[in-house]
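Asker: Here is how the chains run, residue by residue.
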Amino acid sequence: MLTAEAQRFTLCLEQIGMNESRDLFPGALEMMILQTLRRGPLHGYALAQHLKQRSGELLQIEEGSLYPALQRLLKAGALKAEWGLSSRNRRVRIYTITSAGRKQLERETSAFERMLAGIARVMKPVRS
Amino acid sequence: MNWFWKRRREAEDEIQTHIEERTAELIEGGMSEKEATQQARREFGNVTLFTESSREVWGWTWLDRLVQDVRYAVRNWRQEPVYAVVAVLTLALGIGGITTIFTVVNGVVLRPLPYREADRLVIVPEAYQSVVNGHPYVPPPKDRDWPTRTQFFDGITQVEATQLTMPESETPVVRALKVPPNYFAVIGARPAQGRDFIPDDAVEGDRRVAIITHQFWQDRLGGDPAVIGKTITFSEGSMTVVGVMPERLQAPFFESVLLWLVVPEASATGTHIGRMKAGLTPAEAQREVNIQIKQVEREYPASAGNRQAISVRQLFSADDDQRLVLILFAGVGLILLMATINVANLMLSRMLARSHEIAIRSAIGAGRRRLIRQLLTESLVLALMGGALGFLASVAGVRLLTTGIPQGFSRSQEIYMDWKVMVFAFLITGAVSIGFGLLPAILSTKTELVSALKSDAPQTSGSRRSQRLRRALVSVEIGMATLLLIGSALTARSFWNLINLPLPIDTKNVVALDLQLPPNRYETEVVRTALYEGVIQRLKVSPNIDNAALTDIQPLGGGFRYSLVSSQDGGGNSNGAPSYGALSFGVTSGYFDTLRMTFIIGRAFQDNERAIVINETFAHQYWPRSNPIGKQIKLGRAEDPTPWVTIVGVVKDERILFSHTVMAKLFMPCRQCNFLLVKAATSDAVATIRQGIAAIDSGILVTKTQSMENAFSTNGSIVGARFRTMLFLTFAGAGLLLAFAGVYGVTAYAVSQRRREVGIRIALGATRRAVLQLIMEQAVIPIVGGIAAGLAAAQVLVRTLTSYLYDVTPTDSAAFVFVPMLLAMIALAASFIPARQSTRVDPLITLKYE
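Those protein sequence lines, which keep their order, are chains A and W.
Heads up, the first sequence is in this note's numbering, so the first residue is 1 and it goes up one at a time.
Heads up, the second sequence is in this note's numbering, so the first residue is 1001 and it goes up one at a time.
It is possible that some hints are incorrect.
[What the hints assert, rightly or not] Okay, the calculated beta carbon distance ranges per label pair:
id, chain 1, residue 1, chain 2, residue 2, range
1, A, GLY77, W, HIS1356, 10 to 20 Å
2, A, MET123, W, GLU1043, 53 to 63 Å
3, A, ASN89, W, ASN1046, 44 to 54 Å
4, A, VAL126, W, GLU1025, 21 to 31 Å
5, A, GLY84, W, LYS1034, 22 to 32 Å
[Unchecked claim] With a cut-off of at most 16 Å between alpha-carbon atoms, the simulated EDC-like pairs for lysine to aspartate or glutamate come out as follows:
id, chain 1, residue 1, chain 2, residue 2
6, W, LYS1652, W, ASP1607
7, W, LYS1006, A, GLU82
8, A, LYS75, W, GLU1616
9, A, LYS80, W, GLU1616
Bear in mind the hints are in silico, worked out from the structure with no lab data behind them.
Glycine included, C-beta positions come from ideal geometry on N, C-alpha and C.
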């Protein structure tokens, strides 16, 4: 059921031996990053802040885990990066989503929604 | 690579910035800087881990780890430099030694044949009744077209020896070969400069073309770069040079040839040389030839009476070389094995000492594979350094060895480190490093964590286990050293025997002279014979001269005459030819003594005796199991009117080492001999000889004199004595050095590991002598054990190798006695010296150390 991308991400994570936050299924982080960046380019720290805010503290994400995820997306061509300046005038890397990234996001989103729907059905109480 | 480093830094910078931003934010919110930093880091997570993970995405971790490993290894070596230095030197010795030997063997000893697929070349000499008439019989060309009828040759060509005279030169005689235009194509060689012959070249007349050898170009033309197209003037006419053959190329059988002339195919005469179709054996070719001959004889019955038989013989055979190579590589392999084992032992000892540290690394999370990889990296770097050093050493070694080669034998370019050698060295290095690195790496990472941490604390000599292991290592090292050293000794001896085969002839102070008789005075044979006898007699009584003889063909490389021989026994040769063939030489009785030829059985003939002397190959080929002395043979076919002659002696083969061809030879009393060989007591006898000859008849011209010793050198067939000695010494020396160094190294290291124990014992009150005694006693057992095991193994090894060893019996006790003695002495010294050293040092210092 998982997309090829998601499977690859899963493999990646296993190899690193990293235990991502227990709340996330593999690939979720990438999906959320892409979604956030869809609205506009951001640098690493800003991205972390965004995710924290938007999820309303519901998700526990180690900030650091963003960076490997960003690199993976970069390698996969879903993002491109440029060096620029932050609001505090520090040298930062700014990530922008690419058209390939947008397509990937669509795929991931629909896969995710299907999965949700499937789970919801299973979890629904049986009509008596 | 810069890009790689940049990426690394980028990842680090980025994460750093992230943390800084968060910290700044927190500070703005009111936290202290210290707390803010801590908080930011905590929120971020494991910085190192995430940095590495980010980098890993791009797949360069292996490089990262490699750099890390190398740094770690270097740091280690700085702590104990002696170990690293010894390891590298040992490897350098091993790898350098075999690279040197390999280069030399490759370039000089093996002299690989410069012809394409040389094993397909055969020589097909035809024997005619040449000897009876005194002049060679040459049948009309159409009788000789049998080769064109056969289907088993890819190509057939001919070769005939001839001679040109270069006026105004110190050595006017230039030996040459007359060949048809397809000669080089069939032989499978191409000129290095210029071009091959083309059919248009082969015209009679003034415009003759020639292809010259490299030697001719260098020696006679001074290496003129504009050699192609140059005209050389000979007494017989001028030739234009159209090609120069490559350096290594010498004509088979005619090794002193300097020049090839081209003649039209139709009028070519001479011996046939053919290239068999791939997959044919000479025996099959022989059968085909016999069939074709019968057919030709049917068509041209006139020549049938004259033609006898044709035998097909492989032009080159390489049996002796193969054996030599085998021995050499066996010996060399042993040396390398010894080096590898030495270093492996060394590494193992060292790793035992480091087991504490390895245990700790294991505890903090290094996986076993990672540890092994790190240790292997260390081995690899050691091996690379050793290999590089060894390679440099071998370059120097090769240069050293080549200075031992006699003049004119080999240009320095003959022995060169070609790419094959470098690849070889590289592969060896790789194999060696894995060899000596893998086992210690696997073994040492097996250490059980707890026991290692507990008991291998630096305060003592180590647990019982590591002590036992160290002692075992000493045993193993000595055992292997014994085994390998004995093996090397025997191999080296075998090699020495092989390359030191005494020359069956002695060319010291032997001078060869060409005599040219004045015209009109010596027309008849009787007169000529009388003259020659007179010359010989005269010379023999001259002071300074030992003996003299005449021959009709110059002994080395002047050409040959192939004759048919029949025996009363009636048997045939191994190829199924109906009769025998052999090279025949006419000589006077003094020939054998002049050249100090060794008779295996029998004796030389007297001048008027109807007798014949054959060589070893002849005897083995046709009478492999019986004594040829007394047997009767004749030249020609059995029914020919030539007289039967008795074999009275068998001489050792004039086998020139590393030449590829040995043929059956026979020596018969001289008919028309123009070459004088004189054995003198000193090296400057030429004047005396000329005087002697002039005294008999001042009209006799001595047209060429050559010292036979020089002939050998320029022939290139003999490897100088000094060179041989040096090769052998390199061989043996490397082995010895390695064995000694290895045994000393491992033993000394093992003892020095007990330094602390010694210090403690002394501090507790033991006398120095008692401690020393203790250590020595404990050292003896592994030494003796190792030697015993090594001897036993050597016995087994030698028994299996006996068939390959040349002239060496398995009970050659010298090696079996000396080697253990030597090694034992070294091992005891290696135990004693460090032990004494450690008892001398103030125990307080010892205990504080490390």
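Asker: Against each hint, give a clear statement of whether it holds in the structure.
Answerer: So, going through the hints one by one against the coordinates:
no.: 1; hint: A:GLY77 - W:HIS1356: 10 to 20 Å; result: violated (49 Å)
no.: 2; hint: A:MET123 - W:GLU1043: 53 to 63 Å; result: violated (33 Å)
no.: 3; hint: A:ASN89 - W:ASN1046: 44 to 54 Å; result: violated (28 Å)
no.: 4; hint: A:VAL126 - W:GLU1025: 21 to 31 Å; result: violated (50 Å)
no.: 5; hint: A:GLY84 - W:LYS1034: 22 to 32 Å; result: holds (30 Å)
no.: 6; hint: W:LYS1652 - W:ASP1607; result: violated (21 Å)
no.: 7; hint: W:LYS1006 - A:GLU82; result: holds (14 Å)
no.: 8; hint: A:LYS75 - W:GLU1616; result: violated (78 Å)
no.: 9; hint: A:LYS80 - W:GLU1616; result: violated (85 Å)
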